[in-house]
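Since each chain comes alone in its own frame, lean on the hints to assemble the complex.
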Amino acid sequence: MYTLFIDSHSSNICLALYNGKVLIKKEKESIESHSIFLVPMLKELLDENNISFDEIANVVAVNGPGSFTGIRIGLSVAKAICYSLKKPIYLISSLTSLLVSVDSDTCKMAVIPDNKGFYVSVFDENNNSVVDERYQENIDEFLAKYKIVDGALNVEKVIKYALKQEPVNVFKVKANYVKVIEVMDDKK
Amino acid sequence: MIKSKQLKDYEFEIDYFNGNCVVGYLKYEVTFDVVNIVDVFVDENFRRQGIATELFVFLFESVNPDRFMLEVNVNNFKAIKLYEKFGFVTIHVRKKYYKDGDALIMELKNNKDVYILAIESSCDETSVSIVKNGVVDVSTTVNSQIDVHKKYGGVVPEVASRMHLENITFVLDETLSKANMRLEDMDAFACTYAPGLLGSLLVGLETTKTLSLIYNKPFIKVNHMMGHIYANNIGSNMNYPLLALIVSGGHTDLIYMEDETTIKYIGQTLDDAVGECFDKVARIVDLPYPGGPNVEKLALNGNPTYLMPNLLSDGSTNFSFSGIKSHVVNLAHNEKQRGNEINKEDLCRSFQDAVTKSLVDKTLLALNKTGAKNLVMAGGVASNSFIRESIRKMCEENNINFSVPDKKYCTDNATMISAAAYVLYKNNKFAGLDTNAKSHELLTL
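Note that the protein sequences, when read in sequence, are chains A and B.
Convert by adding 28 to the 1-based position in the first sequence; the result is the number in my numbering.
Convert by adding 74 to the 1-based position in the second sequence; the result is the number in my numbering.
Accuracy of the hints is not assured; some may be wrong.
Said to hold, decoys possible - Capping the alpha-carbon separation at 27 Å, the derived lysine-lysine pairs in DSS-like fashion look like this: (1) B:K224 with A:K200; (2) A:K54 with B:K224; (3) A:K188 with A:K56.
Just so you know, the hints here were simulated from the structure itself, not pulled from any lab data.
On a predicted model such as this, the values are computed, not experimentally measured, just so you know.
Chain B with its partners taken away, still in its complex shape (with noise of 0.2 Å):
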């Protein structure tokens, strides 16, 4: 017979019975996805009849972890046989461990699926999805503030946070109903912690935090622009070495990664980011907020016709885009002096190309200098069709990789985040419960 029983918290033991007594026993441990096993035994009398193999095999079926570690002395041999019977490798080897030899560290990896719940808020949108193993979009709700915001004509930074708390319950909710899983089902709780408005940020953060320590699974800690990266993991994953272009709201970045954990600012913005300036256009031309795909829309039926500044040409790799938001305004506030009307369509579509062109510089330069053939586009401002297109046109000349993200998955979303989390959990990068928002943050991973 064999029965299972817990020791303390984290530590449980599985007896081998003969009649009343244990004649074997296994020994682990027990902490977030991995199960360390610390002891097996079989007495003397009683080896040789598969005992060891029915302690493991009961192993498997009580527990799910994503691996299983052990440790065992290099000279004994049975036991390694049969660990690697089971798909146990040896990962390390622990040099004199034992006073006979050394120790082999073995890990069996469990091939299961990984769920990671992902709650995003830094701005005016409540997001949360369930992504499986960092690629496939169970399931995601987004619940936009566009309408409420629209009437201030940009995001008030308080009433979204109020907003956030008001929402975020239907939002997890429905989220999980949709994908028909259970908050126990998930392996880990992730949230976008920096960048953003800090109000917005800490319902997210305090609510995932809450979930992790209820179900005692790993908490994990995503920045908003990691989580535009790997937006373009969603249903393929990216190659690398790769350089990313990040264009939204707040951020226009250049940023090479050689593989998945190193990063390495090429350029940015000296002044606004591309998003922020698309929708001060917007304000200009008497555009509702959000002024971006606005201006886009009107864009389509213009011209080129009104002249622009050149765009920070300096041969570095950095934006800068204060000059044409200037440019803009005072070119809209002359013509209204002079009692012309401005063809807001054209002068959308000037603006536009500007942009455009110096985003396809730039970018073209960065592939240059840093010899990376993929490129992924990323943020808010890669729903712009014209510039979406623009860099593919780019790349395709240049026999670069490209990958841009569907456009649900390029405005704020909490799949993407979900998605970045994956990289932090395999790499097991997870974070306190005494983890702050942050408005600022350069990425990290």
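Isolated chain A, as found in the complex (with noise of 0.2 Å):
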């Protein structure tokens, strides 16, 4: 049986199968195009090594924060598949993602860039949380400190970590958007 990954918060589309050994993996740089090539890319990653949808056991999607749309569009294709086959969804932010991918003596932190600010997080060396996920325009005083992760994912050890986590009931999932949109931030 195998985990289906999902991660499109980016430009780089991923998706892979991991059953425990082996890990297939399928990327493509996609401009504002995941609805193209996703569903497409997953029917390829299935048909080319001969897998149904009945070895899937549990889907592991990346959930933000990044592109808004992208990420829904990940998350849509997610939770039609763990509905519809009652297989269990494991959801990781992109930025714990970057951080689990690699292995470090000292504190080391994950940044994703947008048009106005940085979302941040920083974990020790186990892996546990030093600075909470936040979006914020400038992050010097982080920058000061810690040492910035090199971005590649590590799908393997991604998969791992999220699998270590309680699912989420499907009706539930939600996307880590972390940034609060002007209209919605009731503070304003």
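Below, the structure is given as structure tokens:
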């Protein structure tokens, strides 16, 4: 049985199947075209490896932060699969996925920039949170203190980490936007 | 003994055994909802024993497609007779296909019911519906975000998209449980892919494509406006040729349809859509979102006392509503400057009368131009009783056969998307899994 991994929070769509031993990965650069590529990529990934939906045990989906639309595309697909096949769904933050991809002796920081600021999160060497996920326009205070991870994804490590967490009720799957958009900001 | 085996993904063989020996077989391929019979064979020594008939009966019991197809040599009288006995009819002749003659393409339509599950998420309604044969609403759920967007005075695209993602599974699940059906019972999956808010459309689109992939059933993309027109098919079939008047928050179109697959634009709005104009007027007189129904309510108790400009009367079948919108804005502003109170009821009534007159006049003009004797009305604004009844009256006076959907099928819903998808399904118009959402698109089929 396989874990299906779906990450669409950035311009690199990453899908993977993992059975505890073998990792089969499919990646594609996509500029605002995730909708064109993601489902066909999933079909190819299954077909090329002769794997059917029956062989999917669970889904690990990256739920952001990142591109709002990108995240929603991946999560729509993940929800449809887990709802219809009644499989557990595990969510992992995009920042956490970058952090757990790297082993470090010291604290490590993941940064995802957008047009106005940065999503940031810091873990210690045992993957305990040091700075909770947040969105800030200026992150100089953290840059002075922590080393940024290189941003490469180790899908195997990410899946293993995610599967250790609790699965989420498929009806309650939410995107991890982090950033509060202006109209929804009750403080303003 | 008869046994079936799978040869490839889509290829199967039914074998007839005499002891351990296969003395007859039937090979077939399954592609979506068509079963193509590739080869039927019975050993010479075992013919005239009804083995072919048994193979066919076994086939009919093991698959339930839309139709069966096969190809046969025109000189093979015995085989043709057998196929005709089962109800196969010749639909095409391939000239000189065989050395000694033509090939007949024969088809057997399987009169099974077609269930299509459709998703609509183009604006602020998440809706899922299952429709049988394009006319029977088996089960529909509509989750409206009106209460959320009321706070902002209109639909905020990012908020709408977020809510679609959170609601979609609930709405899907409720629709299936109300229908007491499973996803595997569906014959196709459809959704709105254009026009609308991109972020919102994508939630429904990705969900639908994924379901289509999982259950290996056709995926059908539906233009939202096509859906509005086909809302008129729910419960009873439309008559052609027809003129369609689409009035909504995003569109004011007159479309001529010779039959169910030909579409010709007769007129469009040159600027604002009629529903958008209603919403703007509502804002001017401080009515909450959604403005249209609230303007209608106030107009009910008003008199047409305010002078309104003549709406585009250029002899064309196009509309224009930006002029009247500016007029209402200026009127309200001027009265305010003078310290006069506006009579909101009268203003709404005057506005609604003027807009309705334009819709009635232009529609009549288009009916005369096209010679259509059937008019269907569709779109969110078609739920406005005053407009509905005015158009109905005009049709009665002119001997036009008029149809307008129930109010619940006028506003955005997935029932109409499924009804439209059925037409595409019948015409084998399926879409690829690489289909993207589009914010704007003219109506096509």
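Here is what the structure says about each hint:
| no. | hint | result |
| --- | --- | --- |
| 1 | B:K224 with A:K200 | holds, 24 Å |
| 2 | A:K54 with B:K224 | violated, 43 Å |
| 3 | A:K188 with A:K56 | holds, 23 Å |
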